[in-house]
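A.B. asks: One-letter residues, chain by chain:
2 protein chains.
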Amino acid sequence: MVIVVLAGGVGAARFLEGLVHVIPQEQITIIGNVGDDADIHGLHVSPDLDIVTYTISGLVDPVKGWGLRGDTFECQNGLRKYGYRTWFNLGDRDLATHIYRTQELRNGRKLSEITEDVVRRLGIRTRIIPATDDHFQTHVLTKKGWMHFQEYMVKLKTRPRVYRVSFRGARTARPAKQVIESIMKASGIIVAPSNPVVSIGAILSVPGIRSALRRTKRTVVGISPIIGGKTVKGPADKLMKACGIRPSAVGVANSYRDFLDALILDRVDQKLTTDIEQLGVRPVVTNTLMKTLNDKIRLARVALGELEQ
Amino acid sequence: MVIVVLAGGVGAARFLEGLVHVIPQEQITIIGNVGDDADIHGLHVSPDLDIVTYTISGLVDPVKGWGLRGDTFECQNGLRKYGYRTWFNLGDRDLATHIYRTQELRNGRKLSEITEDVVRRLGIRTRIIPATDDHFQTHVLTKKGWMHFQEYMVKLKTRPRVYRVSFRGARTARPAKQVIESIMKASGIIVAPSNPVVSIGAILSVPGIRSALRRTKRTVVGISPIIGGKTVKGPADKLMKACGIRPSAVGVANSYRDFLDALILDRVDQKLTTDIEQLGVRPVVTNTLMKTLNDKIRLARVALGELEQ
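Protein chains in written order, with the numbering used here: chain A, 1 to 309; chain B, 1 to 309.
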């Protein structure tokens, strides 16, 4: 029995932290977003893959939700001395991951193979597969023109209004090895409470993944990252609006309606259940805000419970 | 008035530390060795340029003679976790220099331009020019076959016997901009107490540099890195033997005899003066061992004194 989880960054990582307390790590395969991947000072950074990996390994900085706990920033301070604008934070120990990934990519290895190494070296038994090994980057159109999603997200702190989202490379990208197979063989699929546009949407834009989710006979359950019309963290609500999606659990259900069996939404959104039912998606109301480890474990149990239905 | 110094790594840096206490930094132009440059985990490392830069800026680790004082090694520890053999030590703050250099090279800038930036950003007013901007690497032939000089020097700690030394890229390398001009305009030239084979020899192997040293009318004074038949630091003696050069001040004088006016040698080698004179080089006997800052300053004064003759 293996559960497949489609995952973005911090929201997904929180949920996964609960999940690994409920079922063995070996029984989880994560399909991760690579649209956030960026070249930072010549290094290939994979923010979402790292957030998930660092969180499951217990190494993540628990306050920030990304990076490594207790990491130092000596190299970054040095780069600033050389005039580099270091808006993307790179800790010294975190840098090892980026240097390793960059060097192995240059050696001709695939991102999925390298991710497998990182996961293994950090002592995790969960499988983490990037959605694609091909060049794939999420860009957003703002008043200042097109920019890499990380520039909008980290450098400009999601301040500019977004008009459009583009997944560069999506048309020709192929799912990484084992992505489709994992989905088809999974005993159930969970769509983590991640950004439906730039995290899950990016994964779904890789040709073949969405249709595999439609084809599978197993249950696909999602968790709404939107609570009471607002995102818990990150710019999901803004980006949903930019893409003409209602920033609510209904909008989330609608985005996934072609493959989603059930959507877990928060009690504050109780009133939305009828709208969600009308989309052909079964609404599951519970507390979805994950503050404590217990919240995460409880939410994981609810999601797993839906898969068994 | 500008003095040009041909410089390798630690020995040259010690000497230069004294020199900057005697004449203003602006009056010194250093031509640095790049034969030691290596690709470490995908980063372009220039050990000799960095040793000299860090030493003059006062940032160098005074015990090791390379790297930055008080630097941490978090990234390196992380790389070890990923299975990398980290025989070449890269401190976290030091890494900033390598990441900056690598990224700027990838952006199409020249090593000499980048070195100028680094020097300026670290607050040095001395000019440091790499001997060449072209691809240039020193390799040595040992029982284990050909290997990069850094592998022999750092990884194998100069243990294997060296049979041959090869400067890869030397034939087609061009001196970096300002190298020849600096030599021809200098009011005097000092050959630092560096390895005559892999440091100074590497610089001299770049076509045009040796002939400029022969052409200049100004005095060229060298300092023997060999004291009593032994090197103070590094494998100079072993490598001189490998190249059929007598590991003594006489061997040093002989290596440079076509352009050298005077050679400063240690008192313990007093007996070698006649042999050196016979090579057409004026021997200058003094204490050459640099332990304290005063030793360094005194040696710099002796060298400058010879230039004024």
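Check each hint, because a few of them may be wrong.
Pairs count within a copy or across copies, as identical chains cannot be separated in the list.
The list that follows gives simulated cross-link-like pairs (lysine-lysine, DSSO-like), each with its CA atoms no further than 27 Å apart [to be verified]:
1) 64 to 155
2) 177 to 81
3) 81 to 64
4) 217 to 230
5) 110 to 81
6) 64 to 238
7) 217 to 110
8) 233 to 217
9) 233 to 81
In short, the hints are calculated from the structure, not lab data.
A.B. asks: Reference check for the pair residue 217 and residue 110, CA-CA at most 27 Å: within, between, both, or neither?
C.D. replies: neither (30 Å within a copy, 58 Å between copies)
A.B. asks: Could you figure out if residue 177 and residue 81 sit no more than 27 Å apart (CA to CA) within one copy, between two copies, both or neither?
C.D. replies: Classified as between; 25 Å across copies, 42 Å inside a copy.
A.B. asks: Using 27 Å as the alpha carbon limit, work out where residue 64 and residue 238 are close: within a copy, between copies, both or neither.
C.D. replies: For residue 64 and residue 238, only the intra-copy Cα distance (21 Å) is at most 27 Å; the inter-copy one is 53 Å.
A.B. asks: Since the copies are identical, ignore which copy is meant and state whether residue 233 and residue 81 lie within 27 Å (CA to CA) inside a copy, between copies, both or neither.
C.D. replies: Neither way: residue 233 and residue 81 sit 32 Å apart in one copy and 31 Å across, limit 27 Å.
A.B. asks: If the cutoff is 27 Å on CA atoms, where do residue 233 and residue 217 land: within, between, both or neither? Let me know, please.
C.D. replies: Classified as neither; 32 Å inside a copy, 71 Å across copies.
A.B. asks: Cα distance capped at 27 Å. Does residue 64 pair with residue 155 within a copy, between copies, both, or neither?
C.D. replies: within (16 Å within a copy, 38 Å between copies)
A.B. asks: If the cutoff is 27 Å on CA atoms, where do residue 81 and residue 64 land: within, between, both or neither? Let me know, please.
C.D. replies: Both. Shortest intra-copy (25 Å) and inter-copy (23 Å) distances satisfy the 27 Å Cα cut-off.
A.B. asks: How do residue 217 and residue 230 come out at 27 Å by Cα distance, when the copy is not named: within, between, both, or neither?
C.D. replies: neither (32 Å within a copy, 78 Å between copies)
A.B. asks: Give the relationship of residue 110 and residue 81 under a CA distance limit of 27 Å: within one copy only, between copies only, both, or neither.
C.D. replies: between (33 Å within a copy, 19 Å between copies)
In the structure shown, a violation is registered for the earlier hints numbered 4, 7, 8 and 9, in ascending order.
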